[in-house]
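Please construct the entire structure, taking both the sequences and the accompanying hints into account.
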Amino acid sequence: MHSSSASKRKRAPHGGGGTGGRARRWSRSRLPNPFQRQLAATTIQRGSAMEEVEIIETVLVYPSPSPFPGPRGDGYASLPLSHIDTDRNLHVTVRTLRAYAGSIRSPSPGPPPAPPPPDPYHVITEALSKALFHYYPVVGTLFRRDPDARLEVRCAEGQGVPVTRALSPRTLPSLGYLDDPVSPFLDRLVPDPVSGEELEHPLAVQVTRFACGGFSLGVCFHHAMCDGAGATLFLRAVAEIARGAAAPGVEPVWDRAALLGPREPPRVDVDFTQFLGTRGELSDPYEGEDGEGGAISRECFHISETCVERFKARLLEESGSSSFTTFEALGAFIWRARVKAYGVPSGAKVKFAYSMNVRKLLKPALPAGYWGNGCVPVYVQMSAGDLVERTLWETAELIKRSKRGVTEEYVRSFVDFQELHYAEGISAGEGVSGFTDWRHLGHSAVDFGWGGPVTVLPLSFKLLGSREPCFFLPYAAVGGVKVDGFKALVSLPTDAMPAFRVEMEMFSGRGDL
Numbered sequence: 001m002h003s004s005s006a007s008k009r010k011r012a013p014h015g016g017g018g019t020g021g022r023a024r025r026w027s028r029s030r031l032p033n034p035f036q037r038q039l040a041a042t043t044i045q046r047g048s049a050m051e052e053v054e055i056i057e058t059v060l061v062y063p064s065p066s067p068f069p070g071p072r073g074d075g076y077a078s079l080p081l082s083h084i085d086t087d088r089n090l091h092v093t094v095r096t097l098r099a100y101a102g103s104i105r106s107p108s109p110g111p112p113p114a115p116p117p118p119d120p121y122h123v124i125t126e127a128l129s130k131a132l133f134h135y136y137p138v139v140g141t142l143f144r145r146d147p148d149a150r151l152e153v154r155c156a157e158g159q160g161v162p163v164t165r166a167l168s169p170r171t172l173p174s175l176g177y178l179d180d181p182v183s184p185f186l187d188r189l190v191p192d193p194v195s196g197e198e199l200e201h202p203l204a205v206q207v208t209r210f211a212c213g214g215f216s217l218g219v220c221f222h223h224a225m226c227d228g229a230g231a232t233l234f235l236r237a238v239a240e241i242a243r244g245a246a247a248p249g250v251e252p253v254w255d256r257a258a259l260l261g262p263r264e265p266p267r268v269d270v271d272f273t274q275f276l277g278t279r280g281e282l283s284d285p286y287e288g289e290d291g292e293g294g295a296i297s298r299e300c301f302h303i304s305e306t307c308v309e310r311f312k313a314r315l316l317e318e319s320g321s322s323s324f325t326t327f328e329a330l331g332a333f334i335w336r337a338r339v340k341a342y343g344v345p346s347g348a349k350v351k352f353a354y355s356m357n358v359r360k361l362l363k364p365a366l367p368a369g370y371w372g373n374g375c376v377p378v379y380v381q382m383s384a385g386d387l388v389e390r391t392l393w394e395t396a397e398l399i400k401r402s403k404r405g406v407t408e409e410y411v412r413s414f415v416d417f418q419e420l421h422y423a424e425g426i427s428a429g430e431g432v433s434g435f436t437d438w439r440h441l442g443h444s445a446v447d448f449g450w451g452g453p454v455t456v457l458p459l460s461f462k463l464l465g466s467r468e469p470c471f472f473l474p475y476a477a478v479g480g481v482k483v484d485g486f487k488a489l490v491s492l493p494t495d496a497m498p499a500f501r502v503e504m505e506m507f508s509g510r511g512d513l
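In the UniProt record's numbering, the protein residues as written are 1 to 513.
None of these hints come from the bench; they were simulated from the model. Some hints could be false.
With a cut-off of at most 30 Å between alpha-carbon atoms, the simulated DSBU-like pairs for lysine-lysine come out as follows [claimed, not checked]: (1) K360 with K312; (2) K403 with K462; (3) K340 with K482; (4) K363 with K400; (5) K403 with K340; (6) K312 with K363; (7) K360 with K400.
In structure tokens, the structure reads:
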């Protein structure tokens with residue numbers, strides 16, 4: 001294993017590294033804190049999964065050519081975000097991991113193998129440099145403007161995206177193609193900035209090469225910059241350039257304050273106060289490291305298509321007329337199971353929270369290249385006792401109705417609510433169960449030339465004002481083989497997880513619901 005000493009890392013030749021001369025190595029004094037932690041952990045944590053990832057280097061990748069005005073590139077830009085971007089619930093980082101099978105081949109007799117494929121690290125950093133010309137705001141720094149302390153982006157010449165290069169002696173097949181979201185090994189594959197670093201660098205990337213020829217792409221984005229759809233649009237642009245395109249197929253659009261800014265004067269025609277309050281009235285759901293019931297555990301549950309279809313058919317029969325999506329039906333079941341396992345007092349308010357993409361809902365629709373946050377939070381609320389006693393089809397029906405309630409006026413009123421109450425600190429308070437569905441986000445389009453990712457996972461667990469979210473995730477797709485069903489990744493206080501498992505066994509047909 002290489003030493004973490006900066007003096008023992010070779011200096012990259014000028015213009016080398018496959019980044020078109022737009023990357024430079026951090027000096028030891030300027031190595032960002034999250035990467036210092038990575039290097040230290042790699043050399044100190046011997047005998048654990050930590051030592052199986054070797055950090056080789058971290059470089060800054062710059063836009064190429066420079067997008068900034070001025071004869072010497074000495075201009076800068078200050079870019080306002082939208083009122084959805086600056087929602088305080090989005091003042092978090094989102095860490096994601098993608099695994100690529102790469103050049104994995106089964107040994108077989110025949111002619112000599114083809115020459116080694118290009119190094120994905122060089123391919124991705126070179127493409128990233130070119131893509132940053134179009135997406136230059138991601139190299140900027142997030143700062144709080146006067147007088148309202150909202151986040152803005154300030155971009156200037158000399159800023160870049162930190163990209164870490166890493167190696168692992170393990171193989172993707174031996175690691176299950178990284179398809180276990182609760183494995184501590186995965187945490188080594190994605191940048192994890194300490195507090196404050198995510199503002200200096202709203203985007204950080206890590207490319208890890210495995211012994212089998214496969215690789216992983218770890219991305220850490222500040223949520224104020226984009227949501228999942230926006231991040232996918234950006235990564236798809238990098239991938240298109242990596243495959244030979246001269247520019248992204250969809251040109252990015254900023255214009256955030258104009259497209260999703262408040263009306264004049266602000267007007268709130270939706271009663272958000274039934275779900276939201278100020279942080280003087282409600283607690284900050286992101287404070288602290290542990291849940292109310294102690295340390296948080298995360299566990300994946302297999303959801304078979306057979307069980308889901310059987311459950312939806314049962315809800316249809318009980319309701320007499322309503323059919324439900326998987327998100328509505330399974331969301332209702334897991335929400336109730338969580339509250340029961342948690343032992344929430346019957347009179348306490350509990351909230352089912354999810355985000356809805358409104359890009360096409362607005363009139364006119366947001367441009368295809370809009371890569372900012374284009375989702376608004378939606379809530380279903382009731383007392384814990386009501387949730388436990390209510391039939392599941394009735395809860396699923398409330399979730400269905402909440403979707404229909406998201407209109408253009410809902411979106412504009414939410415933006416205006418942010419305008420009027422941002423300074424007070426808007427919060428959904430306690431009792432929030434966040435849900436999100438990653439099964440249909442178009443991740444396969446992020447293809448750098450080795451095919452789409454076989455696995456895509458979240459490694460962040462602050463979502464929609466909840467530190468205990470639930471993700472619906474697809475299984476790894478290796479060799480075109482589709483696994484039946486999907487995974488539900490659930491976060492709960494450790495002492496509540498055994499009771500929740502019992503509820504999930506009932507869902508799987510091993511008990512009575």
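Each hint, compared with the structure:
Of the pairs offered as hints, the one joining K360 and K312 holds, with about 28 Å between alpha carbons and a cut-off of 30 Å not exceeded. Annotation: proposed proximity of K403 to K462 holds, straight-line Cα distance about 22 Å (limit 30 Å). Straight-line distance between C-alpha atoms of K340 and K482 comes to about 33 Å, which puts the hinted pair past the 30 Å bound. Restraint check: the Cα-Cα separation between K363 and K400 comes to about 23 Å, which is no more than 30 Å; the hinted pair holds.
Distance restraint check for K403 and K340: the Cα-Cα separation of roughly 25 Å lies within the 30 Å cut-off, and the hinted pair is therefore satisfied. Using a Cα cut-off of 30 Å, the hinted pair K312 and K363 is violated, with the two alpha carbons roughly 34 Å apart. Annotation: proposed proximity of K360 to K400 holds, straight-line Cα distance about 19 Å (limit 30 Å).
Consistency with the previously given hints fails for numbers 3 and 6, ordered from lowest to highest.
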